[in-house]
Amino acid sequence: VYLRGRFFYHAWNVLYLRDRGGWMTADSVFGQMPADVTHIRFVRGEADRQLDLVGLIGRLKLEILEMER
Numbered sequence: 001v002y003l004r005g006r007f008f009y010h011a012w013n014v015l016y017l018r019d020r021g022g023w024m025t026a027d028s029v030f031g032q033m034p035a036d037v038t039h040i041r042f043v044r045g046e047a048d049r050q051l052d053l054v055g056l057i058g059r060l061k062l063e064i065l066e067m068e069r
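If you count the sequence shown from 1, position 39 lands on 39 in my numbering, and the numbers rise without skipping.
FYI, nobody ran anything at the bench for these hints, they're computed from the structure. Just so you know, even glycine gets a beta-carbon here, dropped at the ideal spot from N, CA and C. If a hint is listed, it holds; no wrong ones were tucked in.
Label-pair distances were calculated between CB atoms; the ranges are:
(1) ALA11 / LYS61: 16 to 26 Å
(2) ARG20 / ARG41: 13 to 23 Å
(3) ARG49 / TYR16: 15 to 25 Å
(4) LEU65 / ARG18: 31 to 41 Å
(5) ASP52 / LEU3: 16 to 26 Å
Whenever a hint applies, use it, and build me the whole structure from the sequences.
Now the structure itself:
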């Protein structure tokens, strides 16, 4: 998640809503449905899958190439 000029590790939900046409992201922390484009998924699954990110935290560098508001 991109916040105040930096990317941060953060988890959010993906849910199925038949009346909205299928799968949708939702972030209750930031009040977003769907979650905005700064939510970049590296793993998916239960909490134990988050351990797969340990090697990335602090080492991954992202560069924003283009942005529209």
